[in-house]
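Using the hints, position chain A against chain L.
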Amino acid sequence: MHMDKKTKDNLITYGIVIAAFLVVEVLAMTGKLSSHMGGLLVPMTYYAIIAVALNLCVGILGELSIGHCGFMCIGAFTSATFSKVMADKIPSGPRFFIAFIIGIAVAALFGFLIGIPVLRLKGDYLAIVTLAFGEIIKNVINAFYIGVDSKGFHFSMENQMALNLESDGTMIINGAMGITGTPKDANFMIGIGVLLISLVIVLNLINSRDGRAIMAIRDNHIAAEASGINVTRYKMLAFTISAAIAGSAGVLYSHNITTLTASSQYFGYNASIMILVYVVLGGIGNIRGSVVAACILYLLPELLRGLNKYRMLIYSIVLIVMMIVNWSPKVIEWRKRTFANFGFKKKVKVVK
Amino acid sequence: MALLDVTNLSISFGGLRAVDDFNMTIEKGELYGLIGPNGAGKTTVFNLLTGVYKPNEGKIKLDGEDITRKNTIEINHAGIARTFQNIRLFKQMSVIDNVKVGLSERYKYSTLESLLHVGRYKKVEKQIDDEAMRLLNVFDLAGERDTLASNLPYGKQRKLEIVRAMATDPKLLLLDEPAAGMNPNETKELMETIALVRKEFNMTILLIEHDMKLVSGICEKLTVLNFGKVLCQGETKEVLTNPEVVKAYLGE
Numbered sequence: 001m002h003m004d005k006k007t008k009d010n011l012i013t014y015g016i017v018i019a020a021f022l023v024v025e026v027l028a029m030t031g032k033l034s035s036h037m038g039g040l041l042v043p044m045t046y047y048a049i050i051a052v053a054l055n056l057c058v059g060i061l062g063e064l065s066i067g068h069c070g071f072m073c074i075g076a077f078t079s080a081t082f083s084k085v086m087a088d089k090i091p092s093g094p095r096f097f098i099a100f101i102i103g104i105a106v107a108a109l110f111g112f113l114i115g116i117p118v119l120r121l122k123g124d125y126l127a128i129v130t131l132a133f134g135e136i137i138k139n140v141i142n143a144f145y146i147g148v149d150s151k152g153f154h155f156s157m158e159n160q161m162a163l164n165l166e167s168d169g170t171m172i173i174n175g176a177m178g179i180t181g182t183p184k185d186a187n188f189m190i191g192i193g194v195l196l197i198s199l200v201i202v203l204n205l206i207n208s209r210d211g212r213a214i215m216a217i218r219d220n221h222i223a224a225e226a227s228g229i230n231v232t233r234y235k236m237l238a239f240t241i242s243a244a245i246a247g248s249a250g251v252l253y254s255h256n257i258t259t260l261t262a263s264s265q266y267f268g269y270n271a272s273i274m275i276l277v278y279v280v281l282g283g284i285g286n287i288r289g290s291v292v293a294a295c296i297l298y299l300l301p302e303l304l305r306g307l308n309k310y311r312m313l314i315y316s317i318v319l320i321v322m323m324i325v326n327w328s329p330k331v332i333e334w335r336k337r338t339f340a341n342f343g344f345k346k347k348v349k350v351v352k
Numbered sequence: 001m002a003l004l005d006v007t008n009l010s011i012s013f014g015g016l017r018a019v020d021d022f023n024m025t026i027e028k029g030e031l032y033g034l035i036g037p038n039g040a041g042k043t044t045v046f047n048l049l050t051g052v053y054k055p056n057e058g059k060i061k062l063d064g065e066d067i068t069r070k071n072t073i074e075i076n077h078a079g080i081a082r083t084f085q086n087i088r089l090f091k092q093m094s095v096i097d098n099v100k101v102g103l104s105e106r107y108k109y110s111t112l113e114s115l116l117h118v119g120r121y122k123k124v125e126k127q128i129d130d131e132a133m134r135l136l137n138v139f140d141l142a143g144e145r146d147t148l149a150s151n152l153p154y155g156k157q158r159k160l161e162i163v164r165a166m167a168t169d170p171k172l173l174l175l176d177e178p179a180a181g182m183n184p185n186e187t188k189e190l191m192e193t194i195a196l197v198r199k200e201f202n203m204t205i206l207l208i209e210h211d212m213k214l215v216s217g218i219c220e221k222l223t224v225l226n227f228g229k230v231l232c233q234g235e236t237k238e239v240l241t242n243p244e245v246v247k248a249y250l251g252e
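Taken in sequence, the protein lines are chains L and A. Per our numbering, the very first residue in the first sequence carries number 1; after that it's consecutive. Per our numbering, the very first residue in the second sequence carries number 1; after that it's consecutive.
Mixed in with the good hints, there may be bad ones.
As the list claims (entries may be wrong) - Below, a list of computed lysine to any residue pairs in the SDA-like style, where the Cα atoms sit at most 20 Å apart:
(1) L/5 x L/201
(2) L/6 x A/121
(3) A/126 x L/204
(4) L/8 x L/200
(5) A/61 x A/233
(6) A/123 x L/207
(7) L/6 x A/148
(8) L/8 x A/148
(9) A/126 x A/155
As the list claims (entries may be wrong) - Calculated Cβ distances over 12 Å to all of chain A for the following chain L residues:
(10) 30
(11) 41
(12) 147
(13) 164
Since the hints were derived computationally from the structure, they do not count as laboratory data. Think of the CB as a built atom: it goes at the ideal place given N, C-alpha and C, for glycine as much as any other residue.
Next up, chain L with everything else stripped away, as it sits in the complex (with noise of 0.2 Å):
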């Protein structure tokens, strides 16, 4: 069957996914994988994923989003709250499957809910109101206190005391303080999984009328209407899928640590900022670019904290490095003449 070049470079990006797992997997059993790199692996994943989740809406909807992060936070805590409930009565893998469809359906819900006033704006508004609503979704978590015992579940926005929990009682969310607890049920094996089936969904979608529709959204959305696309729909639909995965993103985050806060590092505006570096230097509306940048720029800084104080000034360069070999026209160039050096994908020239 012929193959067209879209459905090639997928390929290639499932599997350069796939190569990655592979290699980390075979170091890990051979004992060349330090623990400090292990615990990396995981986190990786979830921010690969996250930064897929923001190219579609940044890249593919054309819309800037930086509040990407409270979706994820959305995400993290549904699911934990789920988990650390069910962590005696659900066997540990069934009970990680519905942790995740819990997670993405409610960051789905709140993408949803949230695109409506949102995806009126434009440009800088769209972006600003984003940042205040990552802002607001951090903020109320830290002030949830929930709490359960024999007669049920106990809620409250002051304290814990307000709870009124018999001594039977167990708290689930206590404040800033978050959830201790939850299970830690994600591993790099299930990351990777995730993080395949979220480029599937991605990929297809760009290479469907649904994306085409969204792609001539971003272009020019009055030429999209006078050819019958219902702007909004589309608009949500975009802004909505990315929301989920976004959340997909959370419930990894949230099983892979014992103890989850909605703090400011993790899920403030910073991380959402962070992310977006990602996806810019990624290449913005590539895909596959999102993932390697992602990997690249978040393994660095950990991997340079031997360097210490040189440790932000080579990320820096690096980043600036990125930006020229992605962006710079010239560089395109040299790169593209380069593989085709390689015999990549080599023209053969007939000279008669």
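Just chain A now, kept in the frame of chain L:
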């Protein structure tokens, strides 16, 4: 019955009556021209016909169906497609994808099938691909199928906009100054494209144009607008020799 029947159409922006008591009837298969000096309200008429603006008074009927209060999307589905004065292509998409966007309301499958590439996806995508290629072949753009729309030369961008509009399978095609910014050669090619649209698709066309050579060359009937009012209406030859039209628009 007329294909397009516009009666007593009016719209005001604040104190300005941009279109005042506008009447027009276009029969099926006609090539109709809308001309007039700058600011006469020609594009406003287009925007009223396509639902961008809602008229204060009047009625628009397409093929017997009242479309006066409908929005842009519904009007496209009812059968009016348009091009724009300043080209509005999907610039970061390939030529064929631009056409496929035009086709997307005619060949459908569900969002779930989009996400998972199951069910009707393969079959309908094949139909979309075939139909898009057929259109590109008719308009001689097949060689550029994978070119980004923004990398096309000006004349072909105009052409692609027409192909995209035709892809929605309209009953009436509106062209807003299709020859704007074109050199004589490109204008000649455009006239051939318009002739092709009429021949291949038996299309009814309403166009706004300032290029008198094009207007007198291809339009069968004309309406001249001036300050939002119809100055003159009728067969092209009669209209262009009408002393009032000459005075207001063509120059003595």
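Now the hints, each set against the structure:
1. Taking the CA atoms of residue 5 of chain L and residue 201 of chain L, the gap is about 18 Å. The hint holds against a cut of 20 Å.
2. Our distance criterion of 20 Å between C-alpha atoms is met by residue 6 of chain L and residue 121 of chain A, whose separation comes to about 16 Å.
3. Taking the CA atoms of residue 126 of chain A and residue 204 of chain L, the gap is about 15 Å. The hint holds against a cut of 20 Å.
4. For the proposed pair residue 8 of chain L and residue 200 of chain L, the alpha carbon gap of about 13 Å is at most 20 Å, so the pair holds.
5. At most 20 Å may separate the alpha-carbon atoms for a hinted pair to count; residue 61 of chain A and residue 233 of chain A meet this at roughly 19 Å.
6. For the hint pairing residue 123 of chain A with residue 207 of chain L, the CA-to-CA distance comes to about 14 Å; that is within 20 Å, so the pair holds.
7. For the given pair, residue 6 of chain L sits about 14 Å from residue 148 of chain A by alpha-carbon distance, which is consistent with the 20 Å threshold.
8. For a cut-off of 20 Å, the pair hint linking residue 8 of chain L to residue 148 of chain A stands: about 19 Å separates their Cα positions.
9. At roughly 29 Å between alpha-carbon atoms, residue 126 of chain A and residue 155 of chain A are farther apart than 20 Å, so this suggested pair is violated.
10. Distance check for residue 30 of chain L against chain A: the nearest CB is about 37 Å away, which clears 12 Å, and the non-interface claim stands.
11. Residue 41 of chain L, annotated as away from the interface, keeps every beta carbon of chain A farther than 12 Å; the closest lies near 27 Å.
12. Annotated as non-interface, residue 147 of chain L keeps its C-beta farther than 12 Å from every C-beta of chain A; the closest such distance is 39 Å.
13. Distance check on residue 164 of chain L: its Cβ is at least 46 Å (rounded) from any Cβ of chain A, clearing the 12 Å threshold; non-interface status holds.
The structure is inconsistent with hint 9 alone, although it conforms to all the rest.
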